[in-house]
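2 protein chains.
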Amino acid sequence: MTNPRSTGPADVRNSGELRLTYPVWMFSVADFDGAYRTPDARMALVIRLARESVERDWGGPFGAAVFEADSGRLVSVGVNSVLRLANSLWHAEVMALAMAHTRLKSHTLAAPGLPAHELVTSCEPCAMCLGATLWSGVRTLMCGATRADAEALGFDEGPVTEASYAHLAARGIEIVREIRREDARTVLEAYRARGGVIY
Amino acid sequence: MTNPRSTGPADVRNSGELRLTYPVWMFSVADFDGAYRTPDARMALVIRLARESVERDWGGPFGAAVFEADSGRLVSVGVNSVLRLANSLWHAEVMALAMAHTRLKSHTLAAPGLPAHELVTSCEPCAMCLGATLWSGVRTLMCGATRADAEALGFDEGPVTEASYAHLAARGIEIVREIRREDARTVLEAYRARGGVIY
Chain A
1 MTNPRSTGPA
11 DVRNSGELRL
21 TYPVWMFSVA
31 DFDGAYRTPD
41 ARMALVIRLA
51 RESVERDWGG
61 PFGAAVFEAD
71 SGRLVSVGVN
81 SVLRLANSLW
91 HAEVMALAMA
101 HTRLKSHTLA
111 APGLPAHELV
121 TSCEPCAMCL
131 GATLWSGVRT
141 LMCGATRADA
151 EALGFDEGPV
161 TEASYAHLAA
171 RGIEIVREIR
181 REDARTVLEA
191 YRARGGVIY
Chain B
1001 MTNPRSTGPA
1011 DVRNSGELRL
1021 TYPVWMFSVA
1031 DFDGAYRTPD
1041 ARMALVIRLA
1051 RESVERDWGG
1061 PFGAAVFEAD
1071 SGRLVSVGVN
1081 SVLRLANSLW
1091 HAEVMALAMA
1101 HTRLKSHTLA
1111 APGLPAHELV
1121 TSCEPCAMCL
1131 GATLWSGVRT
1141 LMCGATRADA
1151 EALGFDEGPV
1161 TEASYAHLAA
1171 RGIEIVREIR
1181 REDARTVLEA
1191 YRARGGVIY
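Chain order of the listed sequences is A and B. Counting along the first sequence from 1, when you hit position 7 you're at 7 in my numbering, and nothing is skipped either side. Residues are numbered in my numbering as their position in the second sequence, beginning at 1, plus a constant of 1000.
Hint data in this document are derived by calculation from the structure and do not stem from the laboratory. C-beta: ideal position from N, C-alpha, C; glycine also.
Coverage of chain A stretches by chain B, computed from C-beta distances (three or more under 8 Å per stretch; other residues unrestricted):
(1) 20–34
(2) 97–111
(3) 114–128
(4) 133–144
(5) 149–163
So the derived label-pair ranges between C-beta atoms look like this:
(6) Ala1169(B) / Ala193(A): 33 to 39 Å
(7) Asp31(A) / Ala1041(B): 48 to 54 Å
(8) Gly1034(B) / Ala193(A): 46 to 52 Å
(9) Tyr1199(B) / Asp156(A): 26 to 32 Å
(10) Ala1041(B) / Glu178(A): 47 to 53 Å
(11) Asp1033(B) / Ala41(A): 52 to 58 Å
(12) Lys105(A) / Arg1171(B): 35 to 41 Å
(13) Leu114(A) / Ala1169(B): 36 to 42 Å
(14) Gly154(A) / Gly1113(B): 22 to 28 Å
(15) Val1176(B) / Asp33(A): 49 to 55 Å
(16) Val24(A) / Gly1154(B): 42 to 48 Å
(17) Ala41(A) / Arg1177(B): 45 to 51 Å
(18) Gly72(A) / Pro1115(B): 46 to 52 Å
Derived contacts from chain B toward chain A, CB cut-off under 7 Å, selection only:
(19) Val1012
(20) Arg1019
(21) Leu1020
(22) Leu1083
(23) Ala1086
(24) His1101
(25) His1107
(26) Met1128
(27) Leu1134
(28) Ser1136
(29) Pro1159
(30) His1167
Just need the whole structure built from these sequences, with the hints factored in.
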């Protein structure tokens, strides 16, 4: 360390902290005490999270959650919070994965001693979220609405191709798509009907 | 809100918060009061951040920063903090972008009234970071070491192809690669020589 120490301008010292917490309303939707045993039940939760986000004007029409794959125990949830929290990272999937890491205190959800984990999302992930899925250690990715459904609203999903999914599959991640797709798509359309911002 | 309110299990209530702050040592490396006017100076900073991370056993051998493109003012920095903070999200680029959003209080760094921003990274981004770059609003992405350099160490970069870069370019993001590549690669090799964890 040869440089003289600098603590930087005041706004870096004062705002150089990022925080992420659950909105209080999420605890009235997500049941952290219960078990979501079926694919349908898990997808129903994330679609409900997406719908509540739209109806509460919280953010984009997307929800996600991490479950223990076998027991169905809910580990973490996420809703799109890009506009609300002024941060382009906070897609629903990234928020759910971030909170899963925070809760389990592990950089990988596939750490020795942990059960297998599953990421469930109300819409096929964008390029960022697909990459985050790969690094998170989840063993399954389950999706509701499709990329085409999101793009029909004007959302850009970024550089994701079938080869992207194949990359995850080759690394042992099971991919399950179009679970309750119509229900999930209905939320996208509700967002558009309310004049939700496409960004 | 029709469900009875639940605040969830104690560990969700107590650990349901994610925090990210700069390590104190970063303020002795990054000069938030100065200007980094040239591509070389900007890349030299992120390579130094990567090297300090390795020498301090902080994390993976990667550094990144966001600058105002024209003035060279430093907006935010990041170093790989996946292991240190037990969170697979905290690649150097994602950390730098997250802190830029936090400082500028905007979900896009291309908001009206803001100057153009540039993301500089010591190594070509993985799939997650490339997607995050796209959503962040930066106008330029500058890279040091290549994907092949990272993969030679055993790091997986995920599903990134030349088409991925073309997707960003088509949306107006200028891509500049192999700036001080050899210097950046030297840090990767230093990490390997110290027996750094590949994850």
